[in-house]
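**Student:** Between the sequences and the hints, there should be enough to build the whole structure, so can you do that?
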Amino acid sequence: PRYISPDERETARKTEFQSLHKQSMHKWRKLAVCPDKRYAIPMAINKRTLIVPALDALLKYDIVDNKWSEHYKYPLDAMHDHSARSHRNQFLHFDAKRKLLYILSAQRVDQTPNLLQIDMTRNAVHVLSALLAHHHRPIHAVTLMIENTLHLLLQSRFRHRWQHIVWNKKKEANRLSEIKEFERSDSSSSYAAFVYVRSRQLVVLLDVNVGLFTYSLHAQQPQWRKVGNFEFMQQLKEEQNLTKIGQFAYVLSKDDRFLVLFTGFIWIIDLIQMTMRKSSVVCPISTGYFHAVLVDEEVTDQWLCDGYVRECWNEREMQHLVCLPVYLVRLIQSFYSDQIVHLFENYRQIGHWRIKLNDILSS
Numbered sequence: 001p002r003y004i005s006p007d008e009r010e011t012a013r014k015t016e017f018q019s020l021h022k023q024s025m026h027k028w029r030k031l032a033v034c035p036d037k038r039y040a041i042p043m044a045i046n047k048r049t050l051i052v053p054a055l056d057a058l059l060k061y062d063i064v065d066n067k068w069s070e071h072y073k074y075p076l077d078a079m080h081d082h083s084a085r086s087h088r089n090q091f092l093h094f095d096a097k098r099k100l101l102y103i104l105s106a107q108r109v110d111q112t113p114n115l116l117q118i119d120m121t122r123n124a125v126h127v128l129s130a131l132l133a134h135h136h137r138p139i140h141a142v143t144l145m146i147e148n149t150l151h152l153l154l155q156s157r158f159r160h161r162w163q164h165i166v167w168n169k170k171k172e173a174n175r176l177s178e179i180k181e182f183e184r185s186d187s188s189s190s191y192a193a194f195v196y197v198r199s200r201q202l203v204v205l206l207d208v209n210v211g212l213f214t215y216s217l218h219a220q221q222p223q224w225r226k227v228g229n230f231e232f233m234q235q236l237k238e239e240q241n242l243t244k245i246g247q248f249a250y251v252l253s254k255d256d257r258f259l260v261l262f263t264g265f266i267w268i269i270d271l272i273q274m275t276m277r278k279s280s281v282v283c284p285i286s287t288g289y290f291h292a293v294l295v296d297e298e299v300t301d302q303w304l305c306d307g308y309v310r311e312c313w314n315e316r317e318m319q320h321l322v323c324l325p326v327y328l329v330r331l332i333q334s335f336y337s338d339q340i341v342h343l344f345e346n347y348r349q350i351g352h353w354r355i356k357l358n359d360i361l362s363s
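Position 142 of the sequence shown, counted from 1, bears residue number 142 in our numbering, the numbering being contiguous throughout.
Keep in mind that the hints were calculated from the coordinates and are not lab data.
Incorrect hints may appear among the rest.
Said to hold, decoys possible - For lysine-lysine, the following PhoX-like pairs were computed, each having C-alpha atoms within a straight-line distance of at most 25 angstroms:
#  : residue 1 : residue 2
1  : K278      : K254
2  : K356      : K254
3  : K47       : K97
4  : K14       : K237
5  : K30       : K47
6  : K99       : K60
7  : K22       : K278
8  : K356      : K22
9  : K47       : K67
10 : K27       : K14
11 : K47       : K60
12 : K73       : K99
13 : K30       : K14
14 : K278      : K27
15 : K30       : K254
16 : K30       : K67
17 : K22       : K226
18 : K73       : K22
19 : K14       : K47
20 : K237      : K30
21 : K47       : K99
22 : K27       : K47
23 : K22       : K60
24 : K60       : K30
25 : K97       : K67
Stated by the list, open to error - Have a look at the derived ranges for each label pair, beta carbon to beta carbon:
#  : residue 1 : residue 2 : range
26 : V322      : Q23       : 45 to 53 angstroms
27 : E10       : S280      : 18 to 26 angstroms
28 : Q221      : R29       : 21 to 29 angstroms
Quick reminder that beta carbons are idealized off the backbone N, C-alpha and C, glycines included.
**Tutor:** Below, the structure is given as structure tokens:
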């Protein structure tokens, strides 16, 4: 086959994107932009509220009102020794129930980073540096909180491999396991997705440079297992090289089946069939440092369920029956959700948009 130069690939990508962009932009809705241009990965704490860790404070976004506000001001005096104001800080997790905020503080590349736990109730900062002993400054960090256990994956700048930290506050025990299978040949950051498949109690890590890995919480002694390096990984590698970006956004569908990646194009990975396809819907912009959050649209869900039940009871054959009580209608609503993706870009073309997940999956 004829050699295709990088410039030709980039031109072909732009042409394809522009064609799909015209067809799919009506499915996106532009929303209020975050008032702070520097922020980490947003998180949904309920069906109405997103929280966004910014430089000096934790911001709150009201989904229904489409408004931003300050939720919590960081105790900067207590955090002064930990480079609290650096934009290189990496927000890891917010435990909404216990109001605990976890941040990986920025340090010099030759120093060990600090894992900070901010107690919002007491306005106190705890340093959990023991978890990161002998770790160099990470260039990539992803995290999950599963049943009060923090799972932290770090990719070291110098050691070039993923390292897995499991920390349970209740047990007051630290457990660290180093993943030797994740050796890397270069120091560039990788396209990586880290998700918890609750229905199978399985943690999944997708790194386009090395493959797909799983970590079963069922096992007595959980170990990382390489599932494979599938053909679709090569497509993602090419996309990473063309966009020249080391970060993509991703969400996992509520049924734990589809992992959706946002790189400019939108890629859908079926975690059961282990196949990938490109959606005909694309992002509002062709490339960027994206963040994505999946939420249920509670108001729409309620309207649809209420309307459906009312329509059923308007039928002639149903008029002799007593209408369903409200608690049963709400039970029906709990099995239905119109999932909404909130997409953020906070580096080049600042923006915030939303789209129905079904619009992506069905295209």
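**Student:** For each hint, tell me whether it holds in the structure or not.
**Tutor:** How the hints compare with the structure:
Of the pairs offered as hints, the one joining K278 and K254 holds, with about 20 angstroms between alpha carbons and a cut-off of 25 angstroms not exceeded. At roughly 13 angstroms between alpha-carbon atoms, K356 and K254 fall within 25 angstroms of each other, so this suggested pair holds. Restraint check for K47 and K97: satisfied, since their Cα atoms lie roughly 15 angstroms apart, inside the 25 angstroms limit. With a C-alpha separation of about 17 angstroms, the suggested pairing of K14 with K237 holds against the 25 angstroms cut-off.
About 19 angstroms separates the Cα atoms of K30 and K47, which keeps this hinted pair within 25 angstroms; it holds. Between K99 and K60, the direct Cα distance comes to roughly 14 angstroms. Compliance with the 25 angstroms bound is thereby established for this hinted pair. Proximity of K22 to K278 is assessed by CA-CA distance (about 16 angstroms); at most 25 angstroms being required, the pair is judged to hold. Among the hinted pairs, K356 with K22 is consistent with the structure: their alpha-carbon atoms are about 18 angstroms apart, no more than 25 angstroms.
Of the pairs offered as hints, the one joining K47 and K67 holds, with about 15 angstroms between alpha carbons and a cut-off of 25 angstroms not exceeded. Distance hint between K27 and K14 is fulfilled; the C-alpha atoms sit about 20 angstroms from each other, no more than 25 angstroms. Of the pairs offered as hints, the one joining K47 and K60 holds, with about 13 angstroms between alpha carbons and a cut-off of 25 angstroms not exceeded. For the hint pairing K73 with K99, the CA-to-CA distance comes to about 13 angstroms; that is within 25 angstroms, so the pair holds.
Taking the CA atoms of K30 and K14, the gap is about 22 angstroms. The hint holds against a cut of 25 angstroms. Our distance criterion of 25 angstroms between C-alpha atoms is met by K278 and K27, whose separation comes to about 17 angstroms. A distance of roughly 23 angstroms separates the Cα atoms of K30 and K254; the hinted pair therefore holds under the 25 angstroms criterion. Restraint check for K30 and K67: the C-alpha separation of about 13 angstroms stays at or below 25 angstroms, so the hint holds.
Distance restraint check for K22 and K226: the Cα-Cα separation of roughly 39 angstroms exceeds the 25 angstroms cut-off, and the hinted pair is therefore not satisfied. Pair hint K73 plus K22 does not hold up; C-alpha atoms about 41 angstroms apart against a cutoff of 25 angstroms. For the hint pairing K14 with K47, the CA-to-CA distance comes to about 36 angstroms; that exceeds 25 angstroms, so the pair is violated. At most 25 angstroms may separate the alpha-carbon atoms for a hinted pair to count; K237 and K30 exceed this at roughly 29 angstroms.
Proposed proximity of K47 and K99 is supported: the alpha carbons are some 17 angstroms apart, at most 25 angstroms. This hinted pair checks out: K27 and K47 have alpha carbons roughly 21 angstroms apart, not beyond 25 angstroms. Taking the CA atoms of K22 and K60, the gap is about 32 angstroms. The hint is violated against a cut of 25 angstroms. The suggested pairing of K60 with K30 holds, with an alpha-carbon distance near 18 angstroms, which does not exceed 25 angstroms.
Taken as a hint, the K97 and K67 pair is honoured in the structure, with Cα atoms around 23 angstroms apart against an allowance of 25 angstroms. At roughly 47 angstroms, the beta carbons of V322 and Q23 sit within the given window of 45 to 53 angstroms. Here the CB-CB span from E10 to S280 is close to 21 angstroms, well matched to the stated 18 to 26 angstroms. Distance hint check: the CB atoms of Q221 and R29 are about 47 angstroms apart, inconsistent with the given range 21 to 29 angstroms.
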